[in-house]
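Residue numbers (this note's numbering), protein chains in the order written: chain Y, 1 to 216; chain D, 217 to 436; chain L, 437 to 711.
Among the clues, some could well be false.
Unchecked claim - Quick list of simulated restraints, FRET-style, between CB atoms:
1) A413/D <-> K674/L: 36 to 46 angstroms
2) A616/L <-> V286/D: 24 to 34 angstroms
3) A360/D <-> W73/Y: 28 to 38 angstroms
4) N132/Y <-> K708/L: 34 to 44 angstroms
5) K601/L <-> T361/D: 55 to 65 angstroms
6) Q479/L <-> L384/D: 45 to 55 angstroms
None of these hints come from the bench; they were simulated from the model. For each residue, glycine too, the CB sits at the ideal point set by N, CA and C.
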Amino acid sequence: MLENLTFVEHFQIWLRAFLILSLFSFLYKDNIFYKFSEHIFAGLSAGYYVGLIWRSVIVQQLINPMFDNSEWWLVFPGILGVLMFARLKPKWTWVSRVSLAFVIGNTAGIYLISSLHGMIFKQIAPMMVSVNQGDGLEKILLALLVIVGVITTLVYFYFSKEHKGALGVTARVGIWFIMIAFGAHFGYTVMGRISLLIGRAEFLFYQWGGSLTQIF
Amino acid sequence: MVISFFFDNEQIFGQKAEEFVLQWVTIVGGFALVLGVFSIVRVNARAVAMKSRDWPFKLMTVVSVFAMAVPAMLPVSKSSNGGKVLFSIIPESWGSLFGTGPNSIYDWLFNYLDSPMMETMFAMLAFFIASAAYRAFRARSADATLLLLTALLVMLWRVPMGEAFLRLFGDSVPDYINTFIMNGFNVAVQRGIIIGAALGAASMSLRIMLGIERTYMGKG
Amino acid sequence: MGFWERIANIDRRWIYLLVALSVTLPMIIAMKFPIGLTPEAKQLFNAIDALPDSSAVMLTFDYYPSTIAETEPMSVAALRHMFSKDMHVLTVSNIPLGGPSIAERVTRAVAAEFGKEYGIDYVNLGYRANYVAVMHGLASSIESIFMSDNTGTPLRELPMMQNIKNYDDLDFIYVVADNATVDYWISIVNAQYDIRVGSGVTAVVAPKMYAFVESGQMTGLLGGMKGAAEYEKLLGKKGTATRGMDSQSLVHLLVIFFVIVGNIGYFASRKKEKK
Numbered sequence: 001m002l003e004n005l006t007f008v009e010h011f012q013i014w015l016r017a018f019l020i021l022s023l024f025s026f027l028y029k030d031n032i033f034y035k036f037s038e039h040i041f042a043g044l045s046a047g048y049y050v051g052l053i054w055r056s057v058i059v060q061q062l063i064n065p066m067f068d069n070s071e072w073w074l075v076f077p078g079i080l081g082v083l084m085f086a087r088l089k090p091k092w093t094w095v096s097r098v099s100l101a102f103v104i105g106n107t108a109g110i111y112l113i114s115s116l117h118g119m120i121f122k123q124i125a126p127m128m129v130s131v132n133q134g135d136g137l138e139k140i141l142l143a144l145l146v147i148v149g150v151i152t153t154l155v156y157f158y159f160s161k162e163h164k165g166a167l168g169v170t171a172r173v174g175i176w177f178i179m180i181a182f183g184a185h186f187g188y189t190v191m192g193r194i195s196l197l198i199g200r201a202e203f204l205f206y207q208w209g210g211s212l213t214q215i216f
Numbered sequence: 217m218v219i220s221f222f223f224d225n226e227q228i229f230g231q232k233a234e235e236f237v238l239q240w241v242t243i244v245g246g247f248a249l250v251l252g253v254f255s256i257v258r259v260n261a262r263a264v265a266m267k268s269r270d271w272p273f274k275l276m277t278v279v280s281v282f283a284m285a286v287p288a289m290l291p292v293s294k295s296s297n298g299g300k301v302l303f304s305i306i307p308e309s310w311g312s313l314f315g316t317g318p319n320s321i322y323d324w325l326f327n328y329l330d331s332p333m334m335e336t337m338f339a340m341l342a343f344f345i346a347s348a349a350y351r352a353f354r355a356r357s358a359d360a361t362l363l364l365l366t367a368l369l370v371m372l373w374r375v376p377m378g379e380a381f382l383r384l385f386g387d388s389v390p391d392y393i394n395t396f397i398m399n400g401f402n403v404a405v406q407r408g409i410i411i412g413a414a415l416g417a418a419s420m421s422l423r424i425m426l427g428i429e430r431t432y433m434g435k436g
Numbered sequence: 437m438g439f440w441e442r443i444a445n446i447d448r449r450w451i452y453l454l455v456a457l458s459v460t461l462p463m464i465i466a467m468k469f470p471i472g473l474t475p476e477a478k479q480l481f482n483a484i485d486a487l488p489d490s491s492a493v494m495l496t497f498d499y500y501p502s503t504i505a506e507t508e509p510m511s512v513a514a515l516r517h518m519f520s521k522d523m524h525v526l527t528v529s530n531i532p533l534g535g536p537s538i539a540e541r542v543t544r545a546v547a548a549e550f551g552k553e554y555g556i557d558y559v560n561l562g563y564r565a566n567y568v569a570v571m572h573g574l575a576s577s578i579e580s581i582f583m584s585d586n587t588g589t590p591l592r593e594l595p596m597m598q599n600i601k602n603y604d605d606l607d608f609i610y611v612v613a614d615n616a617t618v619d620y621w622i623s624i625v626n627a628q629y630d631i632r633v634g635s636g637v638t639a640v641v642a643p644k645m646y647a648f649v650e651s652g653q654m655t656g657l658l659g660g661m662k663g664a665a666e667y668e669k670l671l672g673k674k675g676t677a678t679r680g681m682d683s684q685s686l687v688h689l690l691v692i693f694f695v696i697v698g699n700i701g702y703f704a705s706r707k708k709e710k711k
């Protein structure tokens, strides 16, 4: 149960409850309350980005180090950042490509290594298991299941050759694996979406309900 | 980035070369994020100016952007030149309302307006997914039946009541689901997809680095 | 129109009403079924529990406000566990919309429960753009990417940061995420800098993570609200996730019921069409 709430706390709870119910009202049909909340939500979210980037990038990463620590070379990434805004004028879009190339080039370098070293090699390695007699049937079955599943899944997603003959049979087994895995994924997705609703319902029930009982 | 993985970059480029590049990328990347906000403001402001359909709502979007962004951008103390000017007009004790820290206007708007609305937007998906399960989740073929049965089994297993029900058929049933469905079939397929996607990402990165892929620059 | 056709064409709002009732009912009448534990959740709990007291750990808030019903209980439970062992907690967020604000709110609230002090026991780094570059950058020097913390205090002024300069000074990274950032904590930070990474992720992300746990790249996993409830059980302190499990159970049963009824209706009308 909630402790005695102050006027401000009551107001904060009621404000949130109003916005939540306004958005949920869309489930019945589109209406003015939903539109009102939806547009405020879009604006605030966009404003959040501006505030965050102003504080964390422009002030903390550019202005403060430049003026407090005389790190004047930071003017270069600052210029590269400002050049991004050239995209807003179609005539000047080409200018922004310099900054874009810098970011994309760097990110491509990181992705190349992380994909090969961190994903492919590290995911293939655990399939090279040595099975011993003492391992038990469950472990052997599981190891086999994973190896067969990985190969058949990759074959299913290989579209450069028509899925006929041995390739077709392998791809067919791949579909069964994929269906089971996607079924599990669907089950998890349902679970996730329901959890989010529970979060909102708990707020309305415990917090708004608590405020209601204190007022009335 | 690739060279720094294979070699000691401090010996090749001198100290801090990699640090600089990464620091610069985080700065330039920040500007890219704000770019989208300019477009939102421009599109909505134009709609308001032309008094097009739903313009009062669009005006609220523009006002909300500024209501969130402006207090966050104002100085929080007298330490900066901007702060000296601002706090010669208003009391310095108001400084805690500005910026993005706890108890700021920005923080309040986020916690009591923006965050609850975002949570609700996604919570509504629970209703839609339940409706979709009722109307569209059909055992039309053997493959679809396999998917459907696995989904039902996992849905049962992942909740305490369902798990208690599954234990009626044997105490190890929930463990078998975790072992064979999640750590067996699921791991196999996820691994296949991870390897496939990583191969794609690696080849795309290589194409970008070799100048073959230039679509991100608006070129074919 | 036959019975099954009428059932199949029922107004969607009746379905919504049933869902809403199923979520709310357990809040009035508690059911309290026991929460089963998975090996993945135990692995994560044991990994953090086995760390020596006063270790330095990183906790990430890589999630949007949209998923806090699933993710926030994971962060809260982890913080309670870490603070109870007097660990030094460094938080970071790779999410531009809400991440840093959620980190501030959650860490300050849990720290108050344990009497922990900002700057000495925990530090919130905040957000920087381009998360893959951030993850790489933290490896050589945290200060090269975060010259100051989330509120603008220079890191050199925070006592805790005198001993934490890069990943080498951290004992564990616990990623709480609702998106792809967790992939890169694994493929960049764990793979290249050899630091143990565990994760608590939303249910939508969880199935993919099993592949990383199985390969040994990830040390333990919590999947969705149930995962958070498992951690709360292991910690011995019930939270919002445990409380939500009754509603979760009932709505799952309702969805299963919907699927079964929907399919009976589908086959019944198909049989009628064939006739």
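Now the hints, each set against the structure:
1. Checked against the hint of 36 to 46 angstroms, the C-beta distance between A413/D and K674/L comes to roughly 39 angstroms, which is consistent with it.
2. Distance hint for A616/L and V286/D: a CB-CB separation of about 32 angstroms, consistent with the stated range 24 to 34 angstroms.
3. Separation of A360/D from W73/Y is about 60 angstroms and departs from the stated range, judged on CB atoms against 28 to 38 angstroms.
4. The supplied range of 34 to 44 angstroms is broken by N132/Y and K708/L, whose beta-carbon atoms lie about 58 angstroms from each other.
5. Restraint check, K601/L to T361/D: a C-beta distance of roughly 56 angstroms satisfies the suggested window 55 to 65 angstroms.
6. Taken as a hint, the range 45 to 55 angstroms is violated for the pair Q479/L and L384/D, whose Cβ atoms sit roughly 28 angstroms apart.
Hint violations for this structure: numbers 3, 4 and 6, all remaining hints satisfied.
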